[in-house]
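*Asks:* Spelled out from the first residue to the last, the chains are:
There are 2 protein chains.
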Amino acid sequence: MINVIILGSGKVAKHLYTAFKVIPEVTIRQCYNRKGILLDDAQAQEDITTDLSQLKNADVYILAISDDSIQPVSEQLPFTNRLVVHVSGGKSIDVIDPKNNRGVFYALQTFSHGKEINFEQVPFCIESDNPVDQKLLSSLAGFLSKKVYPISSHKRSIIHVAAVFVNNFTNHLFSIGHDICQEHHIPFEILHGLIEETALKIKEMPPDKAQTGPALRNDTKTIEKHLNTLSVASQKEFYSTFTKAIQTKYGKEL
Amino acid sequence: MINVIILGSGKVAKHLYTAFKVIPEVTIRQCYNRKGILLDDAQAQEDITTDLSQLKNADVYILAISDDSIQPVSEQLPFTNRLVVHVSGGKSIDVIDPKNNRGVFYALQTFSHGKEINFEQVPFCIESDNPVDQKLLSSLAGFLSKKVYPISSHKRSIIHVAAVFVNNFTNHLFSIGHDICQEHHIPFEILHGLIEETALKIKEMPPDKAQTGPALRNDTKTIEKHLNTLSVASQKEFYSTFTKAIQTKYGKEL
Chain L
1 MINVIILGSG
11 KVAKHLYTAF
21 KVIPEVTIRQ
31 CYNRKGILLD
41 DAQAQEDITT
51 DLSQLKNADV
61 YILAISDDSI
71 QPVSEQLPFT
81 NRLVVHVSGG
91 KSIDVIDPKN
101 NRGVFYALQT
111 FSHGKEINFE
121 QVPFCIESDN
131 PVDQKLLSSL
141 AGFLSKKVYP
151 ISSHKRSIIH
161 VAAVFVNNFT
171 NHLFSIGHDI
181 CQEHHIPFEI
191 LHGLIEETAL
201 KIKEMPPDKA
211 QTGPALRNDT
221 KTIEKHLNTL
231 SVASQKEFYS
241 TFTKAIQTKY
251 GKEL
Chain A
1 MINVIILGSG
11 KVAKHLYTAF
21 KVIPEVTIRQ
31 CYNRKGILLD
41 DAQAQEDITT
51 DLSQLKNADV
61 YILAISDDSI
71 QPVSEQLPFT
81 NRLVVHVSGG
91 KSIDVIDPKN
101 NRGVFYALQT
111 FSHGKEINFE
121 QVPFCIESDN
131 PVDQKLLSSL
141 AGFLSKKVYP
151 ISSHKRSIIH
161 VAAVFVNNFT
171 NHLFSIGHDI
181 CQEHHIPFEI
191 LHGLIEETAL
201 KIKEMPPDKA
211 QTGPALRNDT
221 KTIEKHLNTL
231 SVASQKEFYS
241 TFTKAIQTKY
251 GKEL
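Residue numbers (my numbering), protein chains in the order written: chain L, 1 to 254; chain A, 1 to 254.
Treat the hints loosely; a few may be bogus.
No distinction is drawn between identical chains; accordingly, a pair holds when it is met within one copy or between any pair of copies.
[To be verified] Here are the simulated lysine-lysine pairs, DSS-like style, with alpha carbons at most 27 Å apart:
hint	residue 1	residue 2
1	K135	K236
2	K209	K11
3	K147	K203
4	K11	K221
5	K244	K21
6	K155	K221
7	K115	K147
8	K209	K249
Hints in this document: simulated from the structure, not taken from any laboratory.
Just chain L, same shape as in the assembly:
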């Protein structure tokens, strides 16, 4: 049995709480957040504390809090030599105060309020100070997911950059597509299937092989027509930048 305490009340805290509470081998001993927010509707108020000095004993303390809070909160913890982990993609293991054993428990996924996550296929990047903690974090992640990877802070930060491209920036392209449809009174739903297929395709072929479109074909007439169609300056700029980048990558300079 692994005893867990979750600190934080944001999206990751809530998703981890929901996932752990149905795992027989895991007990969520307590949760902490400053406002005493319940992590789900069924949680008992007495399982939440708003006072770090009231934290119980546990095998692992999960800091599911904002990047900038990891260091100060880890410093304020009123104990030493226990296992304290953060869940951040971009932060080094070193931001946790070294008075405790340190670790990282990073789920490589995008979390939203109100959208359930099936953790089974979510890669967990774990890291720790020592082999005993590594084994514990590996077990803990293994209860949730089939994909557990020991990853150093440096490699994790690289993965995080790549994740920003394929998730955050991709979603911004979706939002541009949404804006274009909205401007012309076209339901965005018409693009849903295309978006899904675009994402699923890269499981079957590398993205370089999946590239299509006017830029790749060097179809200057369509490119010009598209630039004339776009009415928003930032959309035109993205269109030109991507077109140039695709043509440079695949050897067809404008």
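Keeping the supplied structure of chain L fixed, place chain A upon it in accordance with the hints.
*Replies:* Chain A alone, transformed into the frame defined by chain L:
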């Protein structure tokens, strides 16, 4: 029964051939391409012609050929007053020679060789000169898909621009993610789940609500760290451009 002739031997021609041949209400009477290429391994060579003058009678001639070939090939067709359609997202119905009845049969999807398409959920944008042809194209699309939309050439060209953003440009972001992983010897597969979730999420919430990441949070420390991590100039440029665009859109100017 609708008699169809497919002209072309590219991805769309092959995918339409494969899809139509199992539809009882559709007969593929013949195919045409300049080199006599079979559209699948089971096709009989005598069902292909390389000579436009040998084209048989059919209810609809589908020009599944490159955008620039639509006009010249439609001009070379040795008959008049039949229904001739193209499958292009970006081209107007008007590029087809008006000696025949004209139409558009555009499947809003990304096609690749060797990756099967389930057309059932693929939106078909159809357009025609007259109500009789419109009904025929609507039936034909309806045999393949549950989603058939009558769409004007103007609206289709808008959808096509939006599709370039959510498909072509998105795939380029995936390829940047792939390059970053490869440079640092990280398997790209670790990002597959995130990419899938990013795409599926927009079915449950508009992309503006799904936006996350350092740019949205105005997390300048992570943004700076990421820019320092990236070693390729064009990657840095994309990172800065997207970060600025996201911050402008959501009201947090750099």
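*Asks:* Hint by hint, where does the structure go against what was stated? Just the numbers, ascending.
*Replies:* Hints 1, 5 not satisfied by this model.
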